[in-house]
Amino acid sequence: MAAAKAGADMQNQAYLPDFCAAGTVLVILLVSELVAIVLTLASYVPGSFLTELSKMSMYVLWIAFLSTAILCRIRPWVERQGNTQAFVVCFVILLALCLLLAEITWQLTRIFAESVIIGDSHLGFVGRTFTISSIVIALAMRYLYVSSEWRRSIVLEAQSRISALQALIRPHFLFNSLNTIAALARSNPAQAEEAVQDLADLMRANLNASSDRSTLKEELETAAIYQRIEKLRLGDRLHVKWDVDELPMRALIPSLTIQPLLENAIFHGIELLPEGGEVLITGHRKGDDLEFTIVNPVAADSKRQSSGNKMAMSNIRQRFELAYGSRAEVEVQDAADRYSVRLAFPCDEGVQ
Amino acid sequence: MKVLIVDDEAPARDRLRRLVEESGEHSVVGEAGNGRQALELVGQVHPDVVLLDIRMPGMDGVETARHLDQSRDPPAIVFTTAYDQYAIDAFDANAIGYVLKPVRRERLEQALRQAARLGRGVLEDAGRQAGMDEQRHHVCARIHDELKLIPIDEIFYFVADQKYVTVVHQNGSDLIDDSLKSLETEFADRFVRVHRSALVAVSMIDALKKDDSARTRVILRPGAGEDELVVSRRHVAEVKRRLKKG
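Chains as they are written, first to last, in our numbering: chain V, 1 to 352; chain H, 1 to 246.
Hints listed in this document are in silico derivations from the structure and should not be mistaken for laboratory results.
None of these values were measured; they are calculated from a predicted model.
Hints may contain errors.
Stated by the list, open to error - No farther apart than 25 Å at their CA atoms in a straight line, the calculated lysine to any residue pairs in the SDA-like style are these:
| hint | chain 1 | residue 1 | chain 2 | residue 2 |
| --- | --- | --- | --- | --- |
| 1 | V | Lys231 | H | Gly33 |
| 2 | V | Lys231 | H | Pro57 |
| 3 | V | Lys241 | H | Gly58 |
| 4 | H | Lys245 | H | Ile152 |
| 5 | H | Lys181 | H | Lys244 |
| 6 | V | Lys231 | H | Tyr83 |
| 7 | H | Lys148 | H | Arg104 |
| 8 | V | Lys231 | V | Gly276 |
| 9 | H | Lys148 | H | Ile176 |
| 10 | H | Lys2 | V | Gly276 |
| 11 | V | Lys241 | H | Pro57 |
| 12 | H | Lys148 | V | Leu273 |
| 13 | H | Lys2 | V | Ala299 |
| 14 | H | Lys2 | H | Gly24 |
| 15 | V | Lys231 | H | His144 |
| 16 | V | Lys55 | V | Thr131 |
| 17 | H | Lys2 | H | His144 |
| 18 | V | Lys231 | H | Glu31 |
| 19 | V | Lys231 | H | Arg104 |
| 20 | V | Lys231 | H | Asp14 |
| 21 | H | Lys148 | V | Ala299 |
| 22 | V | Lys231 | V | Phe175 |
| 23 | H | Lys148 | V | Pro274 |
| 24 | V | Lys231 | H | Ala10 |
| 25 | H | Lys245 | V | Ala336 |
| 26 | V | Lys231 | H | Gln37 |
| 27 | V | Lys241 | H | Arg18 |
| 28 | V | Lys231 | H | Pro102 |
| 29 | H | Lys2 | V | Ser187 |
| 30 | V | Lys231 | H | Arg13 |
| 31 | V | Lys231 | H | Lys245 |
| 32 | V | Lys231 | H | Gly58 |
Chain V on its own, in the form it takes in the complex (with noise of 0.2 Å):
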């Protein structure tokens, strides 16, 4: 629901970045000393490039901070206009602004100063204002949209992943469930009760995935759940044996991580073998990691339709990337007979 929220903000808003908070302000006094720098050099004179530099970084600077003080007021209004509407907006007014401080410059420099600080005509100056602030202002603002564009794509990206995910091994498994679930309807009516409640809390935790987090108790016990489902459809064929009791039970875990994996251990590897097989779940403390390996044995000459495979995992990669950064690994190792994943993460205890 948060990302989900998150992204339709992302969507109505224009690009402007938050011109109120100090990490923006650096920014700009840094672009714009740069910008001083360059007007400086093109304009080279032998023996007094720092009494030029000063000079021209605090005329830029001077526009700078006026301009961002007024971004920094007016950008609640302009996000609510679209994105054309707000380009043209803040660019008219900064190119306003500029062309009064030049107006300012030359009034003040001509009342104060004896000597001559600006070498060129009244005219002349406002006029190489105005261009080199059209010309700036435009390149900064076509800067800020391509970025925030970039951002953007990004997140829904790993949104439509992440829903596709969830939607893309659902349906066989599903079917299967309850086509089981009808058979022993007759059979073994509580058998059949315990199958349907078991579906039910899998579909919630499922629904309930989009809090990006959950203790590794709650991922461990929708696994479970899974594996008493699996384990009614595919009987002797399917063994899991569990080796996770290391593990701090309150350690924060990207969200329906470890169920997928078990699904797909159990997908394209015990389904496929005829005798069946047994998938090993382990999981450690490593210093200030936790280490978690899943193993299934893979038919020799299965099709490896692997696909959907490749799909979940790059999935789990992606949100574990999101998640810790480089700090996480996942790892995948493709032999022949067997197929196993390592996730090794910070482990979290924090509270909730």
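Starting from the known structure of chain V, arrange chain H on it as the hints suggest.
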């Protein structure tokens, strides 16, 4: 009608059995947990219809169906599936009967009534459209009423003799119904044509040699038989190329 149920999941078989039996018109003559068992059973129980799960370990439903087609009196086939969108699209396109699990009683009865025998061509087309492996893992020989599966890995070569194709493999030789042409197409990556009437497994060839009358012959690997098949002149270059490629 006599129905054979093939599904790897016990609850699924139980339910189908009950539905068939409750119809009153049909009877279940056997159950199999995988494709191989199904092929063994079919010669013993002679079903009219086989209810065949698509996704099964070892040999999937489509390959099983292609082998069933070789039995003396091929049964009609109705596929069952929980969810296989590609397969379903392909079945619809080729008018192949199927039912979706959980199966509805009325739908099953309708499918049994309309069940039809499927030619191998139809199944190959459907398999291809569904993106399933069109290459079988076995070829199938019929010995009296029994179907015998011969794993592709164990085959040395195929030779055509007028009407029949003989497959020579680890455990002897058998006659099969496939044509040399269709075998060549299906297993193009593993077999090479050495002569108008012979197809040899590339992995089983040890070397080529010239005999006294300057004809090229194939020497098979040790254990793959003593026969020295003649390589016809127009195939020599291709055989050499394939051997180099390994």
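Going through the hints against the structure:
no.: 1; hint: V:Lys231 <-> H:Gly33; result: 16 Å, holds
no.: 2; hint: V:Lys231 <-> H:Pro57; result: 16 Å, holds
no.: 3; hint: V:Lys241 <-> H:Gly58; result: 24 Å, holds
no.: 4; hint: H:Lys245 <-> H:Ile152; result: 20 Å, holds
no.: 5; hint: H:Lys181 <-> H:Lys244; result: 24 Å, holds
no.: 6; hint: V:Lys231 <-> H:Tyr83; result: 19 Å, holds
no.: 7; hint: H:Lys148 <-> H:Arg104; result: 34 Å, violated
no.: 8; hint: V:Lys231 <-> V:Gly276; result: 11 Å, holds
no.: 9; hint: H:Lys148 <-> H:Ile176; result: 10 Å, holds
no.: 10; hint: H:Lys2 <-> V:Gly276; result: 30 Å, violated
no.: 11; hint: V:Lys241 <-> H:Pro57; result: 22 Å, holds
no.: 12; hint: H:Lys148 <-> V:Leu273; result: 21 Å, holds
no.: 13; hint: H:Lys2 <-> V:Ala299; result: 33 Å, violated
no.: 14; hint: H:Lys2 <-> H:Gly24; result: 12 Å, holds
no.: 15; hint: V:Lys231 <-> H:His144; result: 40 Å, violated
no.: 16; hint: V:Lys55 <-> V:Thr131; result: 19 Å, holds
no.: 17; hint: H:Lys2 <-> H:His144; result: 21 Å, holds
no.: 18; hint: V:Lys231 <-> H:Glu31; result: 21 Å, holds
no.: 19; hint: V:Lys231 <-> H:Arg104; result: 24 Å, holds
no.: 20; hint: V:Lys231 <-> H:Asp14; result: 16 Å, holds
no.: 21; hint: H:Lys148 <-> V:Ala299; result: 22 Å, holds
no.: 22; hint: V:Lys231 <-> V:Phe175; result: 15 Å, holds
no.: 23; hint: H:Lys148 <-> V:Pro274; result: 19 Å, holds
no.: 24; hint: V:Lys231 <-> H:Ala10; result: 11 Å, holds
no.: 25; hint: H:Lys245 <-> V:Ala336; result: 23 Å, holds
no.: 26; hint: V:Lys231 <-> H:Gln37; result: 23 Å, holds
no.: 27; hint: V:Lys241 <-> H:Arg18; result: 34 Å, violated
no.: 28; hint: V:Lys231 <-> H:Pro102; result: 18 Å, holds
no.: 29; hint: H:Lys2 <-> V:Ser187; result: 23 Å, holds
no.: 30; hint: V:Lys231 <-> H:Arg13; result: 16 Å, holds
no.: 31; hint: V:Lys231 <-> H:Lys245; result: 46 Å, violated
no.: 32; hint: V:Lys231 <-> H:Gly58; result: 20 Å, holds
In terms of the numbered hints stated before, the structure departs from hints 7, 10, 13, 15, 27 and 31, listed from lowest to highest.
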